[in-house]
Amino acid sequence: MPSAVTTLNWWVAGTDWDLIPLEMIYDRPLRIINGSPTWEVATSLEYSEDYKVLTMKIREGIKFHDGVELTAEDVAFTINVLANRSWPYYHGYFTSVDRAEAVDKYTVKIYFKNPDAGFILNALPVMNIMPKHIWEPLLQTYGDQLAKYSPKPEELVGSGPFKFVEHVSGQYVRFVANKDYWMGRPCIDELILVIITDANVAVLAIQNGEVDAFLWGVDPAVAKTLETYPNIKIHARLSESFRHWGLLTTVWPLNISKFRLALSYAVDREVLVNDVLLGYGMVGSPGVVGPFGYCAPWYNPNVEKLVYYDPKKAAQILDEIGFTDKNGDGWRDGPRGEPVVIEIYSPTPGYDPVRARVAELLKEFLANIPGGGIKAEVYYYEWATLWPMIREGKVMTWLLGSGWSADISWLYTRFHCPPGGSSNWAKYCNPEVDKMLEELRSSFNETRRKELAWKIQEILALEAPVVNLYYQAFPTPYRTDKFENWFITPSDTLSNRINMLRLSLKSSLCPTPITTPKPTPTTTPSPTTSAAPTTQPTTSPTPPPTPSSTPSPTPTTSVGGPDYTLAVVAAVLVVVVVAIVLLVLRRR
Amino acid sequence: MKAFLVRRIYTSFITFIVVIAIVFLLARMTGDPLAELANDPRISPATIAALKAAFGLDRPLHEQFVNYVVNLFRGDLGYSLHYKAPVFDIIMQKLPYTLALLIPSITLSNYLAYTIGIEIGWRRGTRLDSVFMSVSMFIRSTPYFWLAIIFLFVFSVQLRLTPIFGAVTPGKSFSLTWDWISDYLWHYILPFFVMTFRGFLSELIYVRNVVVDVLGEDFVTTAVAKGLPEKYVKRKYVARNAMLPIVTVLGMRYAFIIDGAIQTETVFSYPGTGRLVYEAIFNRDFWLLQGAVVILTMSVIVVNFIIDLLYAYLDPRVRYR
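Line order of the protein sequences matches chains A and B.
Using the working numbering, read the first sequence as starting at 2 and increasing by one per residue.
Using the working numbering, read the second sequence as starting at 1186 and increasing by one per residue.
Hints listed in this document are in silico derivations from the structure and should not be mistaken for laboratory results.
Worth double-checking, as some hints may not be accurate.
Stated by the list, open to error - Within a straight-line C-alpha distance of at most 16 Å, the following computed EDC-like cross-link-like pairs (lysine to aspartate or glutamate) qualify: (1) B:Lys1421 - B:Asp1403; (2) A:Lys327 - A:Glu339; (3) A:Lys64 - A:Glu74; (4) B:Lys1421 - B:Asp1500; (5) B:Lys1357 - A:Glu191; (6) B:Lys1357 - A:Glu167; (7) A:Lys376 - A:Glu393; (8) A:Lys153 - B:Asp1274; (9) A:Lys428 - A:Glu393; (10) A:Lys114 - A:Glu50; (11) A:Lys364 - A:Glu378; (12) B:Lys1357 - A:Asp190; (13) A:Lys225 - A:Asp276; (14) B:Lys1237 - A:Glu191; (15) A:Lys259 - A:Glu459.
Since we're looking at a predicted model, the values are computed, not measured.
Here chain B stands alone, though its shape is the one from the complex (with noise of 0.2 Å):
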């Protein structure tokens, strides 16, 4: 077991820095950040010099590296170009947002494919099952921007039960805590429930296909030929089996959580991680970029390998190995 840890942790590393060198690299290529600045008519050649040395933008690209690479250990992930702050402090500001969006999000869906997707995949080839197919499939295929709008437009302009747009409503003072919790989840639970309503049923589908999978397999023919029980059977035979394979797709969808909800952001004006990356490519932001890309990298890394840890614990062949 320490041998596997010294081993994971090596290879991380080595990812972490191959990752933070190729983010680096390619921000880089997509040209200059500041080139928009050239044809606006109050802005002189003088400044854009000014601000380029200000951050840092007029050293050498391999100095830039070191720099990055150095303050990085230190903690410091530099300062955003275009909110001239520094980038952790922004990230900060956003991320428990997203985290409590997400979190809660993200599990209930993978509660609700996983309970429900080894059901369906049991009653494979039944009429509820191409229902819950069908929906899933059309679900899946619907743009996302497009679903969230249609919910957003039957509760929250038809029906007027929830609010078009922000995290909480804009200026208003709280007296209690408890008002501001209210409000909060007042604005939480549309996003919320899109985004649950979306997850659960795309998921779902490569759930059922894993158990219809697992139910071809001899030993399920086995023990029901044994006699034993179909909820025995279901449980420790088929849940069991299906469960690597699920816990590694749906255990990944945390990694990618700072990668937000781009769109379900876009669309609730909800502030998060998801439009902050997004921004920060558009607007060639070299340093939130990758400030936003070295918490990305770290969460797919520990994601890993708490699903790698979660195997081992799982599956007994993987922990001898």
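Same shape as in the complex, but just chain A (with noise of 0.2 Å):
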């Protein structure tokens, strides 16, 4: 990990670093694993008539750490401390949940106050069964103040198949293997998540085999260097959200949904993934919705039929609607012989190289119209300063990553009309749509949910409030040569890094390694089908883990070239150095 982890206190814990360690001790109802929802501590969900109240069964037997039975009090304190208090990171997901009740042992019943037809996604598949014993007191005794505590070890206890041991600040967190995990013990005995807080060292680290994967990305060009080496291989991890290029939408001439469909079709999304992503990412969809991960189910393949690169496309449109070179410098002039110039907003080179990057194509991409281009300007702002410009509304075109959730509905908070939509910083609004995301957001009929995703991708794909351009893929190293198994999901199909992480949990196998454990495919695929008790231990296909190979200088001497390079260059660069300075002095 690059980065410390800051808090251990899951209601409010929000980096990956702290989400990653968590995920270890804790269990969920259910959990998202290549894109399909599983069931994990959850046996069955059925709602009511009325969509009113929801009834989970939960699965018998399963113990926390310290030994007591995990209930559906347990499961009904998470949601009801969720639901109520608003501080919790994932409080979002259960503002419509009115309570929780635990009927029988093995019996929840969630009453809504309004049906929530995003909820079973969005919400069970992130939410931690924090244990009712150790949680309810602290919360009697800190109220809201809860959200500044920090627990002890001996609090970090929860279901998982890893037991809390340490953390250490700023340099590791060790768990052991929990031998009476429900789901059959995981194989490795022990799991230590170091932190490398330096790029370049953390790629040195993993090249000498004193770790094992890595579990955030690394650059695309060192991951390029890195593949060539034997024993280590890349997972190109797609990230669940879209990079795009924000227009907004209530200025001329970014009001003029033909202008801004002109616009997408100058983009050659290609180009920004070969060149700038070097491969690891993905050509965004028009239609914003991307065919992988939590979004593979909604997917409308239709949309890259509607909307692609052609430049004379994007020309042909552009004179329709007027926008021509008028006073033949070469740049199109709107109707009236206005000026066009469209400013693009990027944050500096220094806080992310890909996005800068990015605004110098855009900017050629229009250029590059055929029969005259459309001006337009990169400015580079600090990214502190222009994200609150792009949220109030203050910058004419921007470059942005956002995230979706688990559940389709996600599309209501990015492209609703505002205030609805409250992060729609294109300020979009189109009344049919608006109707769609609200129908989308209450209808429980799949086929009609469905239907209405697909009518809006095309509708955003025509109108374009945003440009999408890519999906990034974050290339992940892991070291191959000393454990196996690794549960790599198709590269075109998106898994997380927390998907991964969990996956692992789920195999009854042995296939974790040090840093990142990958697990055994037992995908089961449907909330409707019953996980049996998943796979059966069989075989552990993993000896032990070896003690790291013998001091090798590199891993290999055939490819293993560049290590030995930078040495002898940095030395001969020394001894130049030092010798020119002498030689000067000396003639002094």
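Starting from the two chains in their separate frames, assemble the complex, guided by the hints.
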């Protein structure tokens, strides 16, 4: 991990580096693996007729690490805290919940204020089940001040496959296998998440075999080099987000939807993925929703036939709406001869080199529209300054990555007319889309929802409130010589880090490395098929971790060239510089 | 002496309050620390509001400031927004590592710079001088992280003599205290060496130049002309007179210890306060930043105070003023 673990208080844990260690300790009712929900602690879910009560049955015999049984009380307690207190980070997914009740030892009833079609997918797969016997007394003592509480080691008790041992601030977090885990014990005995704060050093550490996997992406150029090492593989992990060019739809000429569409036609997304991301990414669908991960079931493949890279088409549209070059300076002007300049705001290259480069390319794409380009200016701003400007609608166009949730109703917050669409920074308003988005949130009819999602994607592609550019993949290296059975979802389907970690817990086999546990495939497709007591422990495929290879200078001599070259170059450089300095000084 | 002390304490106190106020305002000018959450799909606006309330960010600025200062004098540095824990505890977790690394390193490098600086200043213009000066110049102008990575690369990666990261071997349990100490030292040696090496060579040039300045003084010429032994002139005339500026510069290095060694800590993944402060700025963690600055200010004031006392001890002219 690149950064320190800040808090292990799950209620207020926000960063990946807090959530990853916490995931080891706890179980969840459902879990999304490779885009599909699977049963974990829950065994069945049933809505009442009016969708206002959800009955959840949970597995029997699950024990917390301290021996107390996990019951419906714990599940209800967790849901009630998330629903009734507004400071927990996941409160947003529980706002429609009125309360939860334990009906008997293994049945929870969740009562809703209003039906919420996204609840099962959004809320249950992210909810760590917290032990009531530990957190209820704390909640009574601290109340809302629990948001500032950091739990003691003995309070970090869950029912997950790993038991928390210690957290040495700024250095590592250590876990041992929970030998009584209800799915069968994890095959590795010990899991250590170490923190390496310098990216270059982290690369050296994996080359040396001191760590077995990364939990965050390396620089694409570095990844390309690492790929040539025989014992290192790269998993290009697509992030559950869309990287887009946001267009403020309230200012001229961006309030003209045809104009925005022309911009969308003018962008060559392939170039962005190949040249800027070095292939670690995926071309963005003009309909925003991606064909992988959470979005896979909702993706509409037709939109790519609606809008694609075609500068001629862009020129044609611009001609139609009167944006032609009227004064012969090579740049297109407005219908009445007004000058057109598109301002592109990007974070500084130091903050995000990818976006800075993309901004320059966008400028080029616009200039290359046949029959006169569109003039664009790129502005680099400090991210801390730019971000409020984007939110307040003070910039014309911007580059941003926005995450999505598991249920497709996330489109509501991004594209419903504000203030309903609380993160609709483009200020996009279309009454037809608004209506569909509202229905998407309230309808429980899967066929209807899919129909709506497809229709919305088509409208988004044609109206282009944002020009979706690409889905970024983060190349995460892992070693293959020490551990096998890495569970990597195909590169074109997303499995985020969290999923990858959790998957290992599902397997009752032995697939886990020291840093990133990777799972064996035990994917159970959907919440309707009961997940049978998952795979039985079969023969252990992994030999116990052999002590890291004997001190061999580099992983291999054949491709290990860069290491020596670098050292030699550095040495020669030092000698030369010192010699020159000496020579100069002696002359004097 | 008493009046001197009272005046010093009084001005230090004013400095302290002014620094706190400036940091308080500067930190808040960097914007909303929770702004980033607004684009996070799982966070609702209500959550942001509740977090603001929990950390007192919803109250007016002057109220926050008064609260902060009052709590400060009660010894309460507040809660870190990012760590969700008391600032004092967080700093105290890291401070021992920083102190253990920096105090010996600064002391040793100061000692080396002082003794060797006087020697090569005395022999200015010789080949020894130019060798030291060119190496010193070179090291001084080398980016620190680059130097550290080269050391790491040679000793840890190629020779495998020292570990690549951390302050102790992760997850190792130690049956004996001695095991822990040796493991700690094994991790300690490279960062310590790099810091000392670089500190020594960058301060060397300063000491040497001060000595060269003193050598141009008339009293040195007189002393040499009187036929005093070289050793005696060097020790009693040159070193003593060069002492004051050297004490100021080398001494102040101690004051910035809490500032730590951000780059050393980053390259060697060594826990310490330097990175803590850096991350606090990056995350706009006001309270953590303020807490670190409070400690930094206090240490600067204390070290300044000690240096002043040292001045009085070293230089009788200061004593009688």
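Against the structure, the hints come out as follows:
1. B:Lys1421 - B:Asp1403: 15 Å, holds
2. A:Lys327 - A:Glu339: 9 Å, holds
3. A:Lys64 - A:Glu74: 13 Å, holds
4. B:Lys1421 - B:Asp1500: With Cα atoms ~13 Å apart, Lys1421 of chain B and Asp1500 of chain B stay inside 16 Å; holds.
5. B:Lys1357 - A:Glu191: 11 Å, holds
6. B:Lys1357 - A:Glu167: 11 Å, holds
7. A:Lys376 - A:Glu393: 24 Å, violated
8. A:Lys153 - B:Asp1274: Holds, at roughly 13 Å.
9. A:Lys428 - A:Glu393: Distance of about 10 Å is within 16 Å: holds.
10. A:Lys114 - A:Glu50: Answer holds: Lys114 of chain A to Glu50 of chain A is near 15 Å, not above 16 Å.
11. A:Lys364 - A:Glu378: 7 Å, holds
12. B:Lys1357 - A:Asp190: 14 Å, holds
13. A:Lys225 - A:Asp276: Judged against 16 Å, a Cα distance of about 13 Å means the pair holds.
14. B:Lys1237 - A:Glu191: Between Lys1237 of chain B and Glu191 of chain A the Cα gap is close to 38 Å, so the pair fails against 16 Å, i.e. violated.
15. A:Lys259 - A:Glu459: 14 Å, holds
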